[in-house]
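Hey, can you work out the whole structure from these sequences and the hints?
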Amino acid sequence: MSKYKLIILRHGEGSWNKENRFYSWVDQKLNSDGLEEAQNCGKQLKALNFEFDLVFTSVPNRFIHTAWLILEELGQEWMPVESSWHLNEHHYGASIGLNWETMALNHDEEQVRIWRRSYNVTLPPTGESHPYCHEIYSDSRYKVCGVTLDQLLRSEILKEVLERLLPYWNERIAPEVLKGKIVVISAHGNSSRALLKRLEGISNEDIINITLPTGVPILLELDKNLHALGPHQFLGDQEAIRVAIKKVEDQGKVKQVKK
Amino acid sequence: MSKYKLIILRHGEGAWNKENRFCSWVDQKLNSDGLEEAWNCGRQLKALNFEFDLVFTSVLNRSIHTAWLILKDQVPVESSWRLNERHYGALIGLNWEKMALNHGEEQVRVWRRSYNMTPPPTEESHPYYHEIYSDCRYKVCDMALDQLPRSESLKEVLERLLPYWNERIAPEVLKGKTVMLSAHGNSSRALLKHLEGISDEDIINITLPTGVLILLELDKKLRAVGPHQFLGDQKAIRDTIKKVDGQVKVKQGKK
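So the protein lines, in turn, are chains A and B. Sequential numbering of the first sequence, starting at 1, is according to the numbering used here. Sequential numbering of the second sequence, starting at 1, is according to the numbering used here.
Derived from the structure by calculation, the hints contain no laboratory data. Ideal placement from N, C-alpha and C gives every residue a C-beta, glycine not left out. Be aware that one or more of the hints could be misleading.
Unchecked claim - Here are some chain A residues the structure puts well away from chain B; computed CB gaps all over 10 Å:
1) Glu101
2) Glu109
3) Glu239
What the hints assert, rightly or not - Pair by pair, the computed Cβ-Cβ distance ranges are:
4) A/Lys3 / B/Ser199: 53 to 61 Å
5) A/Arg172 / B/Lys221: 31 to 39 Å
6) B/Leu145 / A/Asn120: 51 to 59 Å
7) B/Glu217 / A/Pro175: 37 to 45 Å
8) B/Trp39 / A/Asn209: 42 to 50 Å
9) A/Lys3 / B/His103: 51 to 59 Å
10) B/Arg223 / A/Asp150: 36 to 44 Å
11) B/Lys221 / A/Asp139: 30 to 38 Å
12) A/Glu128 / B/Lys221: 40 to 48 Å
13) B/Ala15 / A/Arg172: 37 to 45 Å
14) B/Leu145 / A/Leu229: 29 to 37 Å
Written out as structure tokens, the structure is:
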């Protein structure tokens with residue numbers, strides 16, 4: 001195994017994952033499945049004898065709870081955990097809270113897939129009248145994040161996720177990896193995809209086909225320039241992982257019986 | 001209220017608290033009472049509108065779990081061995097009540113509470129030696145493994161805690177940040193002794209109940225402006241203090 005490695009973890013399920021709604025920056029808790037996924041992830045990492053040095057998370061609580069649950073399974077609650085909005089999920093703007101399936105019925109599945117996965121397609125921003133605008137922007141975590149509230153995002157494309165994530169990767173995370181530390185990033189589907197795109201050199205066209213299941217540790221081995229030595233690897237029961245990937249991919253599909 | 005304040009919390013009960021055993025650096029989890037104490041603390045803080053900027057804990061999981069249960073999640077948490085409970089050396093794992101039968105209640109009280117008395121050190125043959133010193137948390141701390149304590153007096157607890165207070169915690173308090181220490185009975189007593197100027201003789205009489213928030217208001221030199229205050233139902237707190245004090249008493253039926 002390479003000297004430089006990174007574990008990325010997409011947080012476990014929250015209730016909105018089950019409801020197929022765009023979560024984004026809304027701060028939902030893990031549901032019971034999500035708690036179990038996180039605990040299983042921890043057990044798996046323990047069985048693989050992984051010992052971490054540092055954990056980075058975004059600021060919504062499902063990412064932090066995922067990290068805590070994993071550390072608890074590993075008996076490493078004392079490990080430093082650093083949280084930053086730079087690792088937050090893709091800001092879905094006006095789509096936050098909407099249901100993918102309903103949108104697929106109205107706009108078709110492929111359009112929803114593009115909105116969810118593409119690199120360059122912009123969604124309309126969150127206006128003040130958006131049902132979740134106040135909940136997000138009045139939270140104290142965004143008063144201490146180093147960016148003024150009015151400058152914080154109201155919508156992003158995946159490209160912009162990478163643009164705001166990269167300075168944090170370069171200044172905080174990469175130096176730790178280069179010291180040979182084993183770092184875990186507890187993040188979300190799109191912020192993780194953005195980072196993998198960068199480290200693995202995935203094209204703008206191919207990124208749309210990359211799916212990350214919840215609660216499955218993703219190992220990326222890197223060279224001394226922090227470029228991926230090979231494709232990311234999912235750790236665990238590969239058949240169960242394939243099923244989990246399909247579940248995420250099917251979330252934007254209209255169920256046949258409703259057509 | 002003073003501009004500079006500190007909340008200290010002695011973590012909730014673990015299994016060994018109930019069994020009256022010296023837990024010290026053994027990494028016991030909170031029991032169900034301890035979990036509930038932590039949740040109650042969280043509710044109380046919410047009712048008092050306290051919001052923390054920063055939380056410091058020891059590297060022992062009962063102090064970290066207490067913090068996790070209380071916090072709004074995005075508050076940074078920093079853990080250091082320098083906030084660990086007093087290292088009780090060869091006494092680790094022993095039961096206070098049995099020791100009181102063998103050595104007298106007053107002797108046990110002195111061992112537990114005095115300022116200058118260092119118990120015998122943990123040797124390699126101690127049943128918990130390997131469990132403590134082989135743990136990776138002690139391979140990454142700011143002191144070499146062979147230099148970490150094998151036993152401590154309360155004075156020695158303060159000596160290893162103070163650099164951390166001065167370098168990491170005090171600067172944050174001086175910035176006006178609201179800081180919580182989720183710590184242990186003796187590491188908290190050592191810090192209060194320092195900040196309140198409690199004498200070596202008087203510290204033996206200071207009892208800190210589990211799961212009760214302790215507020216200390218400080219001046220601009222970070223000296224206490226008055227005695228520490230327990231937040232919450234004062235009668236319930238007095239009962240809890242009495243319970244902690246009563247842990248070393250030999251039950252009458254056994255004499």
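Checked hints:
At the 10 Å boundary, the C-beta of glutamate 101 of chain A stays outside the reach of chain B, the nearest C-beta of that chain being 30 Å off. At roughly 35 Å from the closest C-beta of chain B, the C-beta of glutamate 109 of chain A stays outside 10 Å, upholding its exclusion from the interface. For glutamate 239 of chain A, the condition that its CB be more than 10 Å from all CB atoms of chain B holds, with the nearest at approximately 33 Å. Range check, lysine 3 of chain A to serine 199 of chain B: Cβ separation about 54 Å, and the 53 to 61 Å hint holds.
For the pair arginine 172 of chain A and lysine 221 of chain B, the supplied restraint of 31 to 39 Å holds, since their beta-carbon distance comes to about 34 Å. Checked against the hint of 51 to 59 Å, the C-beta distance between leucine 145 of chain B and asparagine 120 of chain A comes to roughly 52 Å, which is consistent with it. Checking the proposed 37 to 45 Å range against glutamate 217 of chain B and proline 175 of chain A shows it holds: the Cβ atoms sit about 39 Å from each other. For the hinted restraint 42 to 50 Å between tryptophan 39 of chain B and asparagine 209 of chain A, the CB-CB distance of approximately 44 Å keeps it satisfied.
Between lysine 3 of chain A and histidine 103 of chain B the beta carbon distance is about 54 Å. The supplied range of 51 to 59 Å therefore holds. Arginine 223 of chain B and aspartate 150 of chain A have their C-beta atoms about 41 Å apart, which keeps the hinted 36 to 44 Å range intact. The beta-carbon spacing between lysine 221 of chain B and aspartate 139 of chain A, approximately 35 Å, falls within the hinted interval of 30 to 38 Å. As the Cβ distance of glutamate 128 of chain A to lysine 221 of chain B is approximately 46 Å, the hint placing it in 40 to 48 Å holds.
Taking the beta carbon of each, alanine 15 of chain B and arginine 172 of chain A are about 38 Å apart, inside 37 to 45 Å as hinted. Leucine 145 of chain B and leucine 229 of chain A have their C-beta atoms about 33 Å apart, which keeps the hinted 29 to 37 Å range intact.
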